[in-house]
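K.L.:
The residues making up each chain are set out below.
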Amino acid sequence: MSFTRTLEKLKILADAAKYDVSCSSSGSKRTNTNKGLGDATGMGICHSYTEDGRCVSLLKILLTNHCIFDCAYCVTRKSNDVKRAAFKVQEVVDLTINFYRRNYIEGLFLSSGIFKSADYTMERLVAVAKKLRLEENFNGYIHLKSIPGASDELMREAGLYADRLSVNIEIPTKSGLKLLAPDKNFDDFIKPMNKVKNEIIQYKTEKKIIKSTPKYAPAGQSTQMIVGASGENDFQILKTAEHYYKNYNLKRVYYSGYVPISLDNRLPKIGTEVPMLRENRLYQSDWLTRFYGFQTNEIVNLNHQNLDLDIDPKLSWALRNLHEFPVDVNTADKRMLARIPGVGMKSVAKILMARKYRRLNWDHLKKIGIAFNRAQYFLVCDSNIFERRDLTAEKLKAKILKNSKSKYDKMLSPQLNLFS
Amino acid sequence: MQEKTLIYDGSFDGFLCCVFYVFEYKLKNAKIQNEFVQQNALFSENEKITANKEKADRVWKGLKTKASTISTTKIYYAFLSEQAGVENILLDYITYIFKSNKKVDTDFTNDSVLKTSKIAKNVSREKHRMEAFVRFKLTKDAIYFANIEPDFNVLPLISKHFKSRYADQKWVIYDIKRNYGLYYDLEEVTIMQMEFPKNFDFSKTDKNFFSEEEFEFQTLWQNYFKSTNITERKNMKLHIQHVPKRYWKYLSEKQP
Numbered sequence: 040m041s042f043t044r045t046l047e048k049l050k051i052l053a054d055a056a057k058y059d060v061s062c063s064s065s066g067s068k069r070t071n072t073n074k075g076l077g078d079a080t081g082m083g084i085c086h087s088y089t090e091d092g093r094c095v096s097l098l099k100i101l102l103t104n105h106c107i108f109d110c111a112y113c114v115t116r117k118s119n120d121v122k123r124a125a126f127k128v129q130e131v132v133d134l135t136i137n138f139y140r141r142n143y144i145e146g147l148f149l150s151s152g153i154f155k156s157a158d159y160t161m162e163r164l165v166a167v168a169k170k171l172r173l174e175e176n177f178n179g180y181i182h183l184k185s186i187p188g189a190s191d192e193l194m195r196e197a198g199l200y201a202d203r204l205s206v207n208i209e210i211p212t213k214s215g216l217k218l219l220a221p222d223k224n225f226d227d228f229i230k231p232m233n234k235v236k237n238e239i240i241q242y243k244t245e246k247k248i249i250k251s252t253p254k255y256a257p258a259g260q261s262t263q264m265i266v267g268a269s270g271e272n273d274f275q276i277l278k279t280a281e282h283y284y285k286n287y288n289l290k291r292v293y294y295s296g297y298v299p300i301s302l303d304n305r306l307p308k309i310g311t312e313v314p315m316l317r318e319n320r321l322y323q324s325d326w327l328t329r330f331y332g333f334q335t336n337e338i339v340n341l342n343h344q345n346l347d348l349d350i351d352p353k354l355s356w357a358l359r360n361l362h363e364f365p366v367d368v369n370t371a372d373k374r375m376l377a378r379i380p381g382v383g384m385k386s387v388a389k390i391l392m393a394r395k396y397r398r399l400n401w402d403h404l405k406k407i408g409i410a411f412n413r414a415q416y417f418l419v420c421d422s423n424i425f426e427r428r429d430l431t432a433e434k435l436k437a438k439i440l441k442n443s444k445s446k447y448d449k450m451l452s453p454q455l456n457l458f459s
Numbered sequence: 256m257q258e259k260t261l262i263y264d265g266s267f268d269g270f271l272c273c274v275f276y277v278f279e280y281k282l283k284n285a286k287i288q289n290e291f292v293q294q295n296a297l298f299s300e301n302e303k304i305t306a307n308k309e310k311a312d313r314v315w316k317g318l319k320t321k322a323s324t325i326s327t328t329k330i331y332y333a334f335l336s337e338q339a340g341v342e343n344i345l346l347d348y349i350t351y352i353f354k355s356n357k358k359v360d361t362d363f364t365n366d367s368v369l370k371t372s373k374i375a376k377n378v379s380r381e382k383h384r385m386e387a388f389v390r391f392k393l394t395k396d397a398i399y400f401a402n403i404e405p406d407f408n409v410l411p412l413i414s415k416h417f418k419s420r421y422a423d424q425k426w427v428i429y430d431i432k433r434n435y436g437l438y439y440d441l442e443e444v445t446i447m448q449m450e451f452p453k454n455f456d457f458s459k460t461d462k463n464f465f466s467e468e469e470f471e472f473q474t475l476w477q478n479y480f481k482s483t484n485i486t487e488r489k490n491m492k493l494h495i496q497h498v499p500k501r502y503w504k505y506l507s508e509k510q511p
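Protein chains in written order, with the numbering used here: chain Z, 40 to 459; chain E, 256 to 511.
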C-alpha cells in the first residue's frame with residue numbers, strides 16, 4: 040500500500056461519503072467464534088466524535104466518487120468539478136483491518152458513486168465485504184450501500200457478508216426526485232430494498248428450522264432522506280418514513296439536514312443555514328413512533344403539517360390533546376406515562392418499578408429524573424400541590440417556554456420576537 | 256452509641272467482609288473506609304477487617320437471593336467508582352435489601368437505591384467510554400499497546416469485551432492512574448504491572464518503541480477524522496459533551 044497515494048484517496052473519498060448520516064453499528068449479533076478479528080455482538084460504539092458533534096463509529100468511505108449520475112443535491116454528481124479517485128479492493132480491506140485493530144472503528148461503511156453500471160459497482164462493494172469476511176476472518180460490522188438497480192443475485196450475496204444494507208431515498212417525493220435527480224428511476228431504489236427485505240424474511244424462517252442457516256443482513260436495512268432540499272413538509276417526510284418502516288421493515292430512517300453544496304438554482308443557495316433544528320425535531324418524532332407508542336398521524340397530520348420548532352413534538356401533541364391530561368402517575372398504564380411531556384422511557388420504567396412500593400409524590404419523581412418544568416402541568420401524584428387552573432394551550436406553552444432554556448435559543452430568537 | 260469505622264484493604268471482597276462484620280455484630284452506626292484513602296473520622300473507633308473469600312462469598316450469595324442480577328451488578332459497578340463514601344451508600348442499600356422481607360432492590364423511592372443506581376450508571380458510562388476511547392499503538396514487539404486514565408476503576412469491567420474482540424492480536428491496556436494493566440497473550444488475559452522509562456510521554460508515540468507503520472496509520476486516521484467532519488455543522492459544545500477534554504490527550508485524532 041503506497042502510503043501517500045492512499046492518504047490522498049482517503050481524504051477525497053471520506054470527504055465525499057460524509058453526507059451519509061447513518062452511523063449505527065449495533066444490532067448485528069455477529070460473534071467472534073473462530074478466534075478471528077472482531078466481534079459485533081454488543082451495542083454499537085461511537086469511537087470518536089467529529090467537531091460537528093456527529094459520531095464516528097465506522098470507517099465511512101466511498102469506493103469511488105466517479106459517477107455517471109447527475110443528482111443536483113449530491114457532491115459526487117457528474118457535472119461537479121471535484122477531484123476524483125478510486126480505491127482498490129485491497130486498499131479498503133487494509134484500511135479497515137488496521138483501523139479496527141487499533142480500536143478506531145467498529146467496522147466499515149462502504150458506499151460508492153456509480154461507475155459503468157449498477158451491477159459493476161455493486162460487484163466491487165460485495166468483493167470488499169467478501170474478502171474481509173473470508174480472507175481476513177473479520178467479524179466487525181459491515182454496512183454496504185445497495186446500489187439502485189443492482190441485480191437480485193448480487194443483493195443476495197451482499198446480505199451474506201454485510202450486517203446492514205441501505206438504499207438512500209434522499210428525496211421523499213416522486214416529484215422532487217424527478218426535479219433533482221432526473222436520471223434516477225424511483226423503482227430502481229425499491230428493487231434492491233424489496234429483494235433484501237424478502238431475503239431477510241426467508242433466511243429468518245429457514246433459521247428456525249435449520250440452525251446452521253447463515254446470517255443474512257442481521258442488522259437489517261436503513262435509508263436516509265434529505266431535509267430541506269426540495270420544499271417538502273414534515274408531514275410528507277414522516278409519512279414517507281412510516282411507509283418504509285411498515286412496508287420494508289426498515290430498522291432506521293435517517294434525516295439529513297441539507298448542507299448547501301451547489302449553485303444550482305433548484306436548491307437552497309450556498310451559505311443557507313443547515314436546518315439542524317428541524318432535523319432534530321424529525322428525529323424526536325421518529326423516536327416517538329419507534330419507542331413511545333405514538334402513531335405518525337398523532338404527530339403530524341393534514342391539520343398540522345409541520346412540526347413546531349420551539350417545542351418538542353411530544354409537548355406539542357400534549358398541548359393539542361389537553362383532554363388526555365392530567366395523568367395520574369400512580370395508576371396510569373405505561374402507554375399514558377410515556378405520553379407525559381418531560382417523562383422519558385427510562386423514567387417510565389423507574390416509575391413503574393417504584394410505585395409498587397409506595398405512592399409516588401413530587402419528591403420521588405424529581406429524584407427519578409423527570410423534567411419537572413414540562414411535566415408538572417400534565418400529571419397528578421401523591422401530593423396536594425398540582426396545577427388546578429384550567430390553562431389554555433397557549434398559556435401553558437408560554438409558561439413552559441418562560442422557564443426553559445433551549446440549546447437552540449439562538450436559532451429561535453428572531454422567530455420568537457415576532458410573536459412575543 | 257459510638258460510631259465504629261471499619262477499615263478494609265480496598266478490595267471488593269474486603270468490602271463485603273465489612274458488611275459481614277456489620278451484620279455479625281449488629282452494628283448500628285458503622286462506617287466503612289478504604290485504608291488507602293485518607294479520611295479524618297475524629298471521634299470514631301477503628302476496626303481493621305481482613306478480606307476473607309468465604310465470608311465475602313456468603314454475603315454475595317445472600318444478596319443474589321434477595322436482589323436481581325441487575326441490582327447486584329449495580330452494587331459491584333458502584334463499588335468500582337472508588338468515590339468517597341460510596342461504601343456507606345452501598346452498606347445502606349445492602350442493609351435495606353437484607354432487612355426487608357420483600358424484594359426491594361428496585362425501590363427507586365429509597366435514597367440508597369437511587370444513589371447506587373446513579374453511581375453505577377456513571378461507572379457504566381466510563382466503561383463504555385473506555386471501550387470506545389482506547390487507542391492501540393503497535394509496538395516493535397508486535398503488541399498493541401494502549402494507556403488509559405479512567406475516572407473509575409473500569410479495567411475489570413472491560414477485559415471481556417477486548418478479549419472477545421481482539422482474539423487474534425496481543426494487546427495491553429494499562430491504567431496509568433492506578434498503575435496496573437491487562438495483558439492478552441492470545442490465550443488469556445492477565446493482570447500485570449509495568450515499569451516505564453522515566454519521562455515516558457504517554458500521549459506521544461515514541462519511535463524507539465513503536466513500529467514504523469504505526470505512524471502511517473495514525474496519520475491516515477487523523478486525516479480521516481478531519482475529512483469526515485462537516486464544517487457547516489460545526490458544534491463544539493456537542494463535540495465536547497461527547498468527548499470531554501480530559502480524554503483528549505490519549506486520542507490520536509485529537510493530537511495537534
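It is worth saying that the hints were derived from the structure and are not from the lab.
Only a predicted model underlies this, so the values are computations on that prediction, with no experimental measurement involved.
We treat Cβ as the ideally placed atom computed from N, Cα and C, and that holds for glycine.
Just to be clear, a hint being listed does not mean it is correct.
Stated by the list, open to error - Calculated pairs, DSBU-like style, for lysine-lysine (alpha carbon to alpha carbon, straight line, at most 30 angstroms):
{"hint": "1", "chain 1": "Z", "residue 1": "K308", "chain 2": "Z", "residue 2": "K50"}
{"hint": "2", "chain 1": "Z", "residue 1": "K217", "chain 2": "Z", "residue 2": "K243"}
{"hint": "3", "chain 1": "Z", "residue 1": "K308", "chain 2": "E", "residue 2": "K481"}
{"hint": "4", "chain 1": "E", "residue 1": "K358", "chain 2": "Z", "residue 2": "K127"}
{"hint": "5", "chain 1": "E", "residue 1": "K504", "chain 2": "Z", "residue 2": "K50"}
{"hint": "6", "chain 1": "E", "residue 1": "K509", "chain 2": "Z", "residue 2": "K406"}
{"hint": "7", "chain 1": "E", "residue 1": "K509", "chain 2": "Z", "residue 2": "K395"}
{"hint": "8", "chain 1": "E", "residue 1": "K504", "chain 2": "Z", "residue 2": "K405"}
{"hint": "9", "chain 1": "Z", "residue 1": "K170", "chain 2": "Z", "residue 2": "K254"}
{"hint": "10", "chain 1": "E", "residue 1": "K509", "chain 2": "Z", "residue 2": "K50"}
{"hint": "11", "chain 1": "E", "residue 1": "K481", "chain 2": "Z", "residue 2": "K385"}
As the list claims (entries may be wrong) - With the C-beta cut set under 8 angstroms, the calculated list includes, among others, these residues of chain Z facing chain E:
{"hint": "12", "residue": "G77"}
{"hint": "13", "residue": "F228"}
{"hint": "14", "residue": "V313"}
{"hint": "15", "residue": "L316"}
K.L.:
Now look at each hint and say whether the structure bears it out.
P.N.:
Consistency of the hints with the structure:
1. Z/K308 <-> Z/K50: At roughly 25 angstroms apart (the allowed maximum being 30 angstroms), Z/K50 and Z/K308 satisfy the hint.
2. Z/K217 <-> Z/K243: Between Z/K217 and Z/K243 the Cα gap is close to 36 angstroms, so the pair fails against 30 angstroms, i.e. violated.
3. Z/K308 <-> E/K481: With a Cα-Cα distance of about 25 angstroms, the restraint between Z/K308 and E/K481 holds, given a limit of 30 angstroms.
4. E/K358 <-> Z/K127: Distance of about 60 angstroms is beyond 30 angstroms: violated.
5. E/K504 <-> Z/K50: With a Cα-Cα distance of about 24 angstroms, the restraint between E/K504 and Z/K50 holds, given a limit of 30 angstroms.
6. E/K509 <-> Z/K406: violated, 37 angstroms
7. E/K509 <-> Z/K395: Given pair E/K509, Z/K395 is violated - Cα atoms ~48 angstroms apart, limit 30 angstroms.
8. E/K504 <-> Z/K405: violated, 37 angstroms
9. Z/K170 <-> Z/K254: holds, 17 angstroms
10. E/K509 <-> Z/K50: Holds - the C-alpha atoms of Z/K50 and E/K509 are around 17 angstroms apart, at most 30 angstroms.
11. E/K481 <-> Z/K385: Roughly 35 angstroms separates the two Cα atoms, so the pair is violated.
12. G77: Holds, about 6 angstroms.
13. F228: Interface hint status for Z/F228: violated (24 angstroms vs cutoff 8 angstroms).
14. V313: This hint holds: Z/V313 lies near chain E, its Cβ roughly 6 angstroms from the closest one there, short of 8 angstroms.
15. L316: Violated, about 12 angstroms.
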